[in-house]
Amino acid sequence: MTLDIQWALLLPALLPVAAMVLVLLVDAVAPRTRLAAPVLGALGLLGGAVAAVPGLVATEPRLTLCTPAPDGRCMWDGSPLASTLQLGALLATLAVLALVSVRRVGVVEVVLLLASVSGAAAVVAARDLGTWLVTLELATLPVIALVAWRERRAAAHGALTLLTTSLVSFGLLVLGTALWVTATGDPTLTGSSLAAAWEVSEQRTLAGLATVVLLAGLAFKLSAVPFHAWTPTTLTSGPLPVSALLASASKLAAVGALVVVLAPYESVLGGRPGPHVVVAALVVLVVASMLVGTVMALRQTEVVRLLAWSTVAQAGWILLPLTALTVAGRQAAAAYAVVYAVASLVAFAAVRAVHGWRVEDGRNLTAYRGLLRRDPVAGGTLALALLVLAGLPPGVIGLVAKVVALRPAVSAGLWPVAVVAVVAAVLGIAVYVRWFAVLFGEPETGAPARPRRRRASVAVAVVGAAVLVVTSVLPQLLVGLVS
Amino acid sequence: MLLVPGAVGLWLVTGGRALPASTARTVALVAAGVGGLAAITATVMRPVVDRAWIPDLGVRWHFEVDGVSAPLVVLTAVIGVLVVAHAWVERPWADAPGSGSAATYLGCLLLVVAGAFAAFAARDAVLFFLAFEVVLLPMWVLIGRYGDPHSARARADASARFILYTAVGSTLMLVGILLLVTRAGTADLGELPAAAATLGTGEQALVALLLTIGLAVKVPVFPLHTWLPAAHTTAPTAGSVLLAAVLLKLGTYGLVRLPLANVPDGFSRIAPVLAIAGVIGILWGGLICLVERDLKRLIAFSSVAHMGFVVLGLASGTETGVQAALIGNIAHGVISALLFVIVGGLKHRWGSVDLAVVRPALREVSPRLGFALILGLAAGLGLPGLAGFWGELVALLAAWNPAQHTGILRTCAVIAAVGAALAAAYSLRVARIVWVGERVADDAREAAVAQTPDARSVELGVMALLGAAVVVIGVAPWVVFSVTADAVTALVGGGR
Numbered sequence: 001m002t003l004d005i006q007w008a009l010l011l012p013a014l015l016p017v018a019a020m021v022l023v024l025l026v027d028a029v030a031p032r033t034r035l036a037a038p039v040l041g042a043l044g045l046l047g048g049a050v051a052a053v054p055g056l057v058a059t060e061p062r063l064t065l066c067t068p069a070p071d072g073r074c075m076w077d078g079s080p081l082a083s084t085l086q087l088g089a090l091l092a093t094l095a096v097l098a099l100v101s102v103r104r105v106g107v108v109e110v111v112l113l114l115a116s117v118s119g120a121a122a123v124v125a126a127r128d129l130g131t132w133l134v135t136l137e138l139a140t141l142p143v144i145a146l147v148a149w150r151e152r153r154a155a156a157h158g159a160l161t162l163l164t165t166s167l168v169s170f171g172l173l174v175l176g177t178a179l180w181v182t183a184t185g186d187p188t189l190t191g192s193s194l195a196a197a198w199e200v201s202e203q204r205t206l207a208g209l210a211t212v213v214l215l216a217g218l219a220f221k222l223s224a225v226p227f228h229a230w231t232p233t234t235l236t237s238g239p240l241p242v243s244a245l246l247a248s249a250s251k252l253a254a255v256g257a258l259v260v261v262l263a264p265y266e267s268v269l270g271g272r273p274g275p276h277v278v279v280a281a282l283v284v285l286v287v288a289s290m291l292v293g294t295v296m297a298l299r300q301t302e303v304v305r306l307l308a309w310s311t312v313a314q315a316g317w318i319l320l321p322l323t324a325l326t327v328a329g330r331q332a333a334a335a336y337a338v339v340y341a342v343a344s345l346v347a348f349a350a351v352r353a354v355h356g357w358r359v360e361d362g363r364n365l366t367a368y369r370g371l372l373r374r375d376p377v378a379g380g381t382l383a384l385a386l387l388v389l390a391g392l393p394p395g396v397i398g399l400v401a402k403v404v405a406l407r408p409a410v411s412a413g414l415w416p417v418a419v420v421a422v423v424a425a426v427l428g429i430a431v432y433v434r435w436f437a438v439l440f441g442e443p444e445t446g447a448p449a450r451p452r453r454r455r456a457s458v459a460v461a462v463v464g465a466a467v468l469v470v471t472s473v474l475p476q477l478l479v480g481l482v483s
Numbered sequence: 001m002l003l004v005p006g007a008v009g010l011w012l013v014t015g016g017r018a019l020p021a022s023t024a025r026t027v028a029l030v031a032a033g034v035g036g037l038a039a040i041t042a043t044v045m046r047p048v049v050d051r052a053w054i055p056d057l058g059v060r061w062h063f064e065v066d067g068v069s070a071p072l073v074v075l076t077a078v079i080g081v082l083v084v085a086h087a088w089v090e091r092p093w094a095d096a097p098g099s100g101s102a103a104t105y106l107g108c109l110l111l112v113v114a115g116a117f118a119a120f121a122a123r124d125a126v127l128f129f130l131a132f133e134v135v136l137l138p139m140w141v142l143i144g145r146y147g148d149p150h151s152a153r154a155r156a157d158a159s160a161r162f163i164l165y166t167a168v169g170s171t172l173m174l175v176g177i178l179l180l181v182t183r184a185g186t187a188d189l190g191e192l193p194a195a196a197a198t199l200g201t202g203e204q205a206l207v208a209l210l211l212t213i214g215l216a217v218k219v220p221v222f223p224l225h226t227w228l229p230a231a232h233t234t235a236p237t238a239g240s241v242l243l244a245a246v247l248l249k250l251g252t253y254g255l256v257r258l259p260l261a262n263v264p265d266g267f268s269r270i271a272p273v274l275a276i277a278g279v280i281g282i283l284w285g286g287l288i289c290l291v292e293r294d295l296k297r298l299i300a301f302s303s304v305a306h307m308g309f310v311v312l313g314l315a316s317g318t319e320t321g322v323q324a325a326l327i328g329n330i331a332h333g334v335i336s337a338l339l340f341v342i343v344g345g346l347k348h349r350w351g352s353v354d355l356a357v358v359r360p361a362l363r364e365v366s367p368r369l370g371f372a373l374i375l376g377l378a379a380g381l382g383l384p385g386l387a388g389f390w391g392e393l394v395a396l397l398a399a400w401n402p403a404q405h406t407g408i409l410r411t412c413a414v415i416a417a418v419g420a421a422l423a424a425a426y427s428l429r430v431a432r433i434v435w436v437g438e439r440v441a442d443d444a445r446e447a448a449v450a451q452t453p454d455a456r457s458v459e460l461g462v463m464a465l466l467g468a469a470v471v472v473i474g475v476a477p478w479v480v481f482s483v484t485a486d487a488v489t490a491l492v493g494g495g496r
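Residue numbers (our numbering), protein chains in the order written: chain A, 1 to 483; chain B, 1 to 496.
Okay, chain B solo, but in the shape it has when bound (with noise of 0.2 Å):
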C-alpha cells in the first residue's frame, strides 16, 4: 500500500524523468491503482505492521489502520487515483514551455499520496511526524514548478509560504510530541492515552498548546490560514485537489489523534480558544467569499469556513463532535475536490476565473460542467441531502452541547450558525455569476461555446465520481458514521 506509490514516485522523480508523457502517465495510474486497492484491502482487513526501526529513539515501523483513519485513507486511495487519472485532462507540463517534465510531475503527486497513506496509517508518534513531513517537499515542487504558469513570482511566493508555514507548523508539534513521548516513555500511539495521563495538568497544556499550535497551521484555523489561498491559487488543478482533499485532512487528523486522544484535559483547557477561532474562520472565510473575484481563492476561503466547522466539532469535546468532524473532513474532502476540478477546469478553458468579467451562462454553453458546479456549491452550503450537511449540522449540535464551556461554545454554535448562512449566500453568488450569466449576444454565444468544451470521458468520470460520492454521504451518512463510531468512543473515552 504504501511501497508501490511511494517507490513508483520516488522512481519517476529520479530515473524516469526522461520517460515520454504517456508512458509516465500509464505508470502512474497503475502505481496508484495498485496503492489504492492495497489500501481499501488493508481498511477491510486490518493488517498490522510492526517492526523496530530506530531502537535508540523508540521509534518503530508500526502501521495499522482504524476507524479513525479508514474513512481518510480511502478517502485518499479514491483522490490518489483520480488526480493521477487528471493527468489526461490537464496537462500542466505542458502549459509552460522549458517546465519540468511529465514524469516529474506525476511522481510527485504519487509521493504525497504515499506520504499521506503513511501519516494515516502510522501509530507511532515520532513515524507520525516523518510521515507528515513527507509531503512537503513533493508538494512544493507541484506548487512551485507545475503551478499557474501565467506568474513565476507568484508561484515562487506560494510554493514559499506553503513550505515555511507548513513548516513551522510541524516542528512545533515536534517539539509537542517529543516532549509528550519522553515525558510518557512511550511513542506507540496505542498505549500513549494510558502513559500520559500520569503528566501534570501543567505539562498537559502546554504539550495540547505545542501540539494544537503546529497542527492548527496545517488544517488551517485562523489566523494562521495565510497560506492556503495563496497555495491553491497557484497550484494546478490535481495539486489543489491533493491539498484540499488529503493535506489540509492530515491536520484534523492530527488533532485528533494527538492532543484530543492523550492529553485530553489540557486539549479541554485550550478547547475555547480554539473554538473561537473556528467560528472567526467561518465568520472571516463566508466574508471574503462574498466579495472574492477570483472564483479559485473563493474556493479555498471556503475551505477555511468549512474547516472551521471541523474544527469546533473537535473543540466540543464530546463524542458527537468528534464524528462531526471525521465526517465534515471526509465531506470537505470530496467537496473541495469536485469543486477544484470544476474551477480548474474551467480556469483552463478560460484562461483566469474572474468573477467580474461578464460570461455567458454555464448551464447554457456547458451544461455538464454547469450541473456538476451547481452540485458542489449546493453541498457547500450544506444543504440536506448532500454530504456537507451532516458535518456542519452535528458540528453544531455537538458545540451546543460540549462537555465543558457550555457558555462560550454556545454561542460559537450561533455564531457560526450565521455563518452557514453566509456560506448560502456566497455560494448563491457564484452559482448566479456563472451558472446563470449574463444576457449576451448570440455570437459571443458561439465564440464561448467554442472555447468552453464541456466536459468528455475523463474529466466527466472524475467528476461522476466525486458527484456521486457528495450523493452517498449525504443520503447515507452512516457509511461513515458506522465505521468511525467504535473508534471515537474508544479515543475520547479512553482518555478520561
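This is chain A alone, in the form it adopts within the complex (with noise of 0.2 Å):
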C-alpha cells in the first residue's frame, strides 16, 4: 500500500521530533554544552509554529497521509482548526520552556517537553483512531516524567496520582476505539461511515457507547468533573512550569482530540441536536465540571489550587460548546481553549515572577496583597490574566470568548445548559475577583522581597498579555482564527 505524503503539512510535529533527535545526538557528541539543549528545543518549536501558520489561512482542504483513490481514506488534516491549536500547543510548550530556568533545565527536560508537544500538534490532526491514539498518549506520558523528574517526593506522589489517572485514561481510551471500530467497521474517523452505522439500531447503540467511552477517557486530560481529581494533587506538587504545561498545552491537545472524535456527528444529525446519549454525556461533563470547579476554587487560598480548581472550571466551559455538535461548537470551542491557554499561562509565569524558581512555600493569597502597587508589571499582567478568566472588561477578549463559547449551546436551544453557564460565570467572577482585590489591596510592610532571576517569568507574563490586549482590542484575529 502506498501512502500518499505532502511532508509540508506534517512538519509542524515533525519538526520537534527532529529537534529531539538532535539534542539527544548532540548530547551524545559533546554532553558539556548546556545551552545546546534548550536553543536547539526553542528553534525545534519556532521552526514547528512557523510551519503552523500556512494552515491558519488555507482555504482549501489540507489532507494529506491519503490511501490511493478510489475510496481514499486521509489520515491527517492540517485544518485551519487543528493549525490554530498546533500553534496554540507549539507556542505554549516554547514558553513553559523559558519558565524552566535556562541555568537549571537539562537535556532530559527538554526532550520530554518536545516529544509532549509533537504529540499534541499530531492528534490535533490525526484522523485515524491509530494515529490519534498513539499520539495522544505521546502527548500524555513524557509530561508525566516531567512531573517527577528531578523533583521532591510530593512530586512523586502528584506524578504517581497522574500516572495512575493516565492508565485508566488509556485504557478507557482503547475500549472507546475498539468499540467504534466495532460500530463503524472503519479505523478512520469519518463522517460517511459513522452516519452508515447510525441507521442500524445495534450499530448506533454501540457508536454512542463508544463515543460516551472515549469522552469519559479525554475527560480526565482535560480534567473534568467527575475524572478531575489528579487535577489539584498534581498541579500542587509538581514544577510549576509544568503546570503551567499541564493547564495549557496539554488542555489544547485535549481539546483538539475531542474535536477529531466528535467531527464525524457533523454528517450524522444535519445540524439537528436530537436527545441523544453523547449529548446527555457532555451535559453532565460540563454542569458538573462548572459547578465543582468554580465552588471548589471559591473556598482555596493557596494560589497554585486555586489555578487548579479554575481550570477545572474552565474546561466546563471548554465543553459547552461541543454541547451543540456543530462545527461552529467545535470552533468556539478551540477559541475558548486557546484564550484559556495565554490566561492561565500569564497567571503561572506572574505567580512564578513573585515566587522565584522555588515556588513551592508559602503560595498563599496573602503573600499577593498590594502586589499592583508593589511590583506592578506581575501584578498588571497576573491582573489582566484574572480578568480574562472572569470575563470582565478590560479582559474583553474573555468576555467575547464566552459570548463565542454560549452562543451554539444557545442556537442548539440547551436551556438548562446555559442557565448553569449564568450562575458559574457569576460564582467565577467571586472567584476571580476575590484574588483582584488582594492585589489590588494596600501593600504590607512585611511582603517577601522580589526574586533574583526572574527574567523569563516576566517575559512570559508580558508576552502573553500583550496577546490579550491586542486580542482584547481586535478579537476578530482570535475568533477568525479557528474559522
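Keep in mind the hints are simulated off the structure, nothing from the lab. Note that the structure is a prediction, hence the values are computed from the model and not measured. Virtual Cβ for every residue (Gly too), placed ideally from N, Cα, C.
Derived Cβ-Cβ restraints for the label pairs, each shown as a range:
1. A:HIS276 x B:ILE40: 56 to 62 Å
2. B:LEU460 x A:VAL470: 43 to 49 Å
3. B:ARG91 x A:THR164: 56 to 62 Å
4. A:HIS157 x B:VAL49: 56 to 62 Å
Listing some non-contacts, in silico: residues in chain A with all C-beta distances to chain B over 10 Å:
5. THR2
6. ALA30
7. GLY185
Using the supplied hints, reconstruct the complex from the two chains, each of which is provided in its own coordinate frame.
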C-alpha cells in the first residue's frame, strides 16, 4: 500500500521530533555544552510554529497521508482549526521552556517537552484512530515524567496520581477505539461511515457507547468533573512550569483530540442535535465541571490550587459549545481553549515571577496583597489574566470567548446548560475578583522580597499579556483563526 | 466622545498612578469636558460610526445617537463633568490613609462615563452588552476602594454585592441577547425589531423574560434591588451620583431598547408582573423611607420607589408610558444626583447622616445647603413645576390607559398614587428633621455652624447646575419630550 504524503503538512509535528533527535545527538557527542539543548529545543518549537502558520489561512482542504483512490482515506488534516491548536500548543510549550530556567534545564526536560508537544501537534490533526490514540498518549506520558523528574517527594506523589489516572484513561480510550471500530467497521474518523452505522439500531447503540467511553477517557485529560481528581494534587505538587504546561499545551491537545472525535457527528445529525446519549454525556460533564470547579476554587487560599480548580471549571466552559455538536461549536471550543491557555500561562508565569523558582512554599493569597503597587509588571499581567479568566472588561477577550462559547449552546436550544453557565459565570467572577481584590489592596510592610533572576518569567507574562491586550482590541484576530 | 474619557481614564488607572492629585484632577476635568462636549455635539449632529469588528460573530462597532438615547447621553455628559469637578470638594483618596491614588479614582470615574456613553450610543445588541460590562469593574473599584472610610467590611460587602448582582443580570441578558440574535439573524438594533417579528410567541416570551430579568437587576426592580442601598451607602459621593444618575439609567434604557422594541408581544405578556413588581417597589421603598435612619440609605430606597414609576410607565406598553419612563429617567437622574451631592456633603461634614442624632436646623446653619435639600426633596415628592412631577404623572396616566391588561394596570396605578403620597410623607419627614431641625442651646449652634460650613465655589456650582436642571425640566418638560417623541413613536409603533 502506498501513501500519498505531503511533508509540509506534517512539519508542525515533525520539526519538534527532529529537534529532539538533534538534542540527543549533541548530548551524546558533546555532553558539556549546556546551552545546546534549550536552544535546539526552542528552534524546533519555533520552526514547528512557523510551519503551522500557512494552515491558519488555508481555504482548500489540507489532507495528507491518504490511501490511494478510489476509496482514499486520509489520516491527517491540517485544517485551520487544527493548525490553530498546533500553533497554540507549540508556542505554549516554548513559553514553558522559557519558564524552566535556562540554567537549570537539562537535556531530559527538553526532550520530554519536545516529545509531548509533537504528540499534541499530531493528535489535533489525526483522522484515524491509530494515529490518534498513539499521539494522544505521546502527548501525555512525557508530562508524567516531567512532574516527577528531579523534584521532591511530593512531586513523586503527584506524578503517581497522574500516572494512575493516565492508565485508567488509556484503558478507556483503547476500549472506546475498539468499540468504535466494531460499530463502524472503519478505523478512520469519517462522517460517512458513522452515518452508515447510525442507520442500524444495534450499531447506533454501539457507536454511541464508543463515543461516551472515548469522552470519559478524554475527560481525564481535560480534567472535567468527575474525572478531575488528579488535577489539584498534581498541579500543586509538581514544578510550576510543568503545571503551566498541563494547564495550557496539554489542555489544547485534549481539546483537539475531542474535536476530532466529535467531528463525524456533523454528518449524522445534519445540524439537529437530538436528545441522545452523546449530548447527555457532554451536558453532565459541562454542568458538573463548571459548578464543582468554581465552588471549590472559591474556597482555596493557595494560589496554585485555586488555579487548578479554575482549570476544572474552565474545562466545563471549553466543553459547553461542543454540546451543540456543530462546526460552530467545535470552533468555539477551540477559540475558548486558546484564550484560556494564554490567560493561564500568563497567570502561572506571573506566579513564578512573584515567588522565584523555589515556589512550593508560601504560595498563599496573602503574599499577593498590594502586588499591583509593589510590583506593577507581575501584578498587572496577573490582574489582566484574572480578568480575562473572569470575563470582565478590560479583559474583553475573555468576555468575547464566553459569548462565543455560549452561542452554539443557546442556538441549539440547550437551555438548562446555558442557565448553569450563567450561575457558573457569576461564581467565577467571585473567584477571580477575590484574588484581584487582594492584588488591589494595600501593600504590607512585611511583604516577601522580589526574587532575582526572573527575567524569563516576566518576559513570558508580558508577551502573553500583550497577546491578550491585542486580541481584546481586535477579537477577530482570534475568532477568525479557527473558522 | 468615547475615546477621550476612555483613553485618559485608562491611562490614569495604569500609567499615571504616580501623578500628583492636582495634575490628575485637571487632566481628568479636561478629558471629561472634551468628552462631554463631543457627546453633546454628537447628539446635535448625529454622526454614525459603523465598522466591522468581529465579523464571525456579526458584531460591529456601530454607534449612533437617536431620540431615545440623546437625553441620556447629554445627562451622562453633564454628570460626567460634575462628578470630576466634585473631586475638588470631596477627596476620597485622602480620607483613608494608604488608600489608592487620586489618579486611579478619577480614572475610574472617567471609565464609568466612557462605558455609559458607549452603551447609550451602541446600535448593536452584543456591543451594548460589552459596553454594559465595561462599567462594572471601575464602579467596583470606586465602591470597594474609595467608599466609606469607616468600615472596610461594609465596603467589601457592598462592592462584592454590586458586582455579583449586576453580573447575574448582565449574563442573563447575554443569554437573552444571544437567543434573540441567533434566531433573528442580525445584531443590529435597527433591523432587529423587523427580524424578530418572525419569532414564535413562546420564543418571544422567553427572550423577553430573560432580557427583562437581566435588566431588572440593574434598574433595580423589586425584589432584585437589595444591592442598591448597600452600594449607595458606602460609595463616595461621586460614585453614588454616577450610580444613580447614569448606571441605573442603563437598566431602563436597556428595557426600552431590547425587550420593548424587539419582542413587544413577549414583553406585553410579562408586563403585568413587571408592573406589580414596580408598584411593590414604590410602596416598599416609600415605607422603608418612612422609618430609615440613615439619610443616604433613605435616598437609595427612594430611588427604588422612583424607578418603580419608571417601570410602571414601561409596563403600560404605550407611547405615553415610554415617554413617561424616559422623562422619569432623566428627572430621577438629576434629582438623585442633587440629593446625593447634598447628603454626601453632609456626611462629609458630620461624619454620619443618622437622622436620630439631634442637630440644629440646617436652614440656619448653612442656608444654601438647606435650600438645595428642600428643592431636591420637593422635586422628589413630585411637586408640580419640578422635574419629578412629569415622570410620575404621565406614568400614572399611561398606566390608567394601557395597551393591554387594563384591570391589573389600573389597580397598579391606584396603588402607585398611594405610593406618591408616601413619598410626600417621607420627604416632609426628612425636611422636618434636617431642615427645620431641633431647638438647641446657643453654644451648640455656634459649634454646629463651625462644623458645617456652607457650600462654596465648586460644590455650590455643582448644586446650582443640578438645581437649575430640576427646575428647567419641571417647567419646560417639552425640552425632553420633543427630542424623544419621534424615536418613541418609531420604537413602539415599529414593533407592531
